[in-house]
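K.L.:
If you're matching them up, the sequences are chains A and B in order.
Residues in the first sequence are numbered from 0 upward in steps of one, following numbering that gives the first Met the number 0.
Residues in the second sequence are numbered from 0 upward in steps of one, following numbering that gives the first Met the number 0.
Be careful, since some hints might not be right.
Stated by the list, open to error - Under the rule of at most 16 Å between Cα atoms (straight-line distance), these lysine to aspartate or glutamate pairs were calculated in the EDC-like manner:
| no. | chain 1 | residue 1 | chain 2 | residue 2 |
| --- | --- | --- | --- | --- |
| 1 | B | K250 | A | E73 |
| 2 | B | K52 | A | E40 |
| 3 | A | K100 | A | D43 |
| 4 | A | K120 | B | D223 |
| 5 | A | K100 | A | E124 |
| 6 | A | K102 | A | D43 |
| 7 | A | K1 | A | D116 |
| 8 | A | K100 | A | D71 |
| 9 | B | K250 | A | E56 |
| 10 | A | K120 | A | E3 |
| 11 | B | K204 | B | D223 |
| 12 | B | K52 | B | E216 |
Because the hints were derived from the structure by calculation, they are not lab data.
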Amino acid sequence: MKPEDLLFASTHEWAHVADGVATIGISAQAVEALTDLVYMELPDSGASVTAGEPFGEVESVKATSDLYSPVDGEIIEVNTSLPDSLDVLGTDPYGAGWILKVKLSNEDALQKLLDHDAYQKQNSEGQ
Amino acid sequence: MTSARLIIDPPMPGNWNMALDQALLETADRRGEITLRFYRWSEPTLSLGYFQKYADRGNHAASRDCAIVRRSSGGGAIVHDRELTYSICVPESNRWSKSSDQLYDLVHHQVVHVLDLHGISARLFDAAKNEQDQRTSHDNQSFLCFQRRSRGDVVVADSKVCGSAQRRLRNALIQHGSLILGTSSCAPELSGLAELTGTTLNYEKTCRNLADGISAELQINLTDGTTTESELTAAKRIRQERFCNDAWTRKR
Numbered sequence: 000m001k002p003e004d005l006l007f008a009s010t011h012e013w014a015h016v017a018d019g020v021a022t023i024g025i026s027a028q029a030v031e032a033l034t035d036l037v038y039m040e041l042p043d044s045g046a047s048v049t050a051g052e053p054f055g056e057v058e059s060v061k062a063t064s065d066l067y068s069p070v071d072g073e074i075i076e077v078n079t080s081l082p083d084s085l086d087v088l089g090t091d092p093y094g095a096g097w098i099l100k101v102k103l104s105n106e107d108a109l110q111k112l113l114d115h116d117a118y119q120k121q122n123s124e125g126q
Numbered sequence: 000m001t002s003a004r005l006i007i008d009p010p011m012p013g014n015w016n017m018a019l020d021q022a023l024l025e026t027a028d029r030r031g032e033i034t035l036r037f038y039r040w041s042e043p044t045l046s047l048g049y050f051q052k053y054a055d056r057g058n059h060a061a062s063r064d065c066a067i068v069r070r071s072s073g074g075g076a077i078v079h080d081r082e083l084t085y086s087i088c089v090p091e092s093n094r095w096s097k098s099s100d101q102l103y104d105l106v107h108h109q110v111v112h113v114l115d116l117h118g119i120s121a122r123l124f125d126a127a128k129n130e131q132d133q134r135t136s137h138d139n140q141s142f143l144c145f146q147r148r149s150r151g152d153v154v155v156a157d158s159k160v161c162g163s164a165q166r167r168l169r170n171a172l173i174q175h176g177s178l179i180l181g182t183s184s185c186a187p188e189l190s191g192l193a194e195l196t197g198t199t200l201n202y203e204k205t206c207r208n209l210a211d212g213i214s215a216e217l218q219i220n221l222t223d224g225t226t227t228e229s230e231l232t233a234a235k236r237i238r239q240e241r242f243c244n245d246a247w248t249r250k251r
């Protein structure tokens, strides 16, 4: 997927919505900011996620961060191979680096997400 | 110039130190305030990295009887005893929060500078030049943080004397770290500055020197301050809910 086609949370997660299912990952900027990732903890399929609330955690050599869901819904698929191949997040964050697939319970939260241009603008502020 | 607060605390228990750090992080997250805090520990305390297994402490005999607390930041375990500990909370809106490396390097460069003022030759560990590459070194699986090596750690005579770790919230991050002033009987395998250089640093003066350097680099107006009543209330709640809670300490 091209980042221009995605929606972004201000907390650096991305979402791609098709047929009522959101594919979720974290942005290339987030991966770069965290530096070398060493550990990721993800939820199980069937769990519910709430927009703006943590669904997992990631640890890099220097930093630990929560991962925040950009959408509301039920997890229907988890990229279970990801914690064992975290390099993928750096090489293909918008493709093979996807984290969850979520069946949306509503689309309200999508209205609060940023398009690619707005997300880029947010990241350039304060630099 | 952005205003910021400097807090130099007396020695306190580990669960309180971690709870207050969390309360200050939440202030940065909610109100966008920068706080630089220096603190010590009222008894030797083992802090586990957020993702470490509690059971692994059993393999480190020297610290087995120490008080224990699980940090919210990652990395390896630290025996906090004869050390200077700092934390800095920075809101996401500040440019130094954008990259983990930037703030890490900024503080550690100041540690090197302050040690240089005392005639101590320190440098930042450079994994690329190596030394031992951090991604292949088995040292990075060591239980103790100070037996690991990451790019940017402060080393004196090949011994790591200062390391730091970060935790990010939605709108802010905290970086806290330890400078080993002297070897602890609870981690005798680690050398401190006193053993490595014969120099005993004055705690208060070292804090002030570091604060001056960090504020100049961050371009902030740092003034002496204290924790607010609401932060103390929050810290008491966080201590009970998290850092005094066995479910948190033994969560892995």
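K.L.:
Would you mind marking each hint as holding or not holding in the structure?
P.N.:
To see whether the hints hold, each was checked on the structure:
no.: 1; hint: K250(B) to E73(A); result: violated (25 Å)
no.: 2; hint: K52(B) to E40(A); result: holds (14 Å)
no.: 3; hint: K100(A) to D43(A); result: holds (11 Å)
no.: 4; hint: K120(A) to D223(B); result: violated (35 Å)
no.: 5; hint: K100(A) to E124(A); result: violated (30 Å)
no.: 6; hint: K102(A) to D43(A); result: holds (14 Å)
no.: 7; hint: K1(A) to D116(A); result: holds (13 Å)
no.: 8; hint: K100(A) to D71(A); result: holds (11 Å)
no.: 9; hint: K250(B) to E56(A); result: holds (14 Å)
no.: 10; hint: K120(A) to E3(A); result: holds (13 Å)
no.: 11; hint: K204(B) to D223(B); result: holds (14 Å)
no.: 12; hint: K52(B) to E216(B); result: violated (37 Å)
Hint compliance for this structure: hints 1, 4, 5 and 12 are broken, all remaining hints hold.
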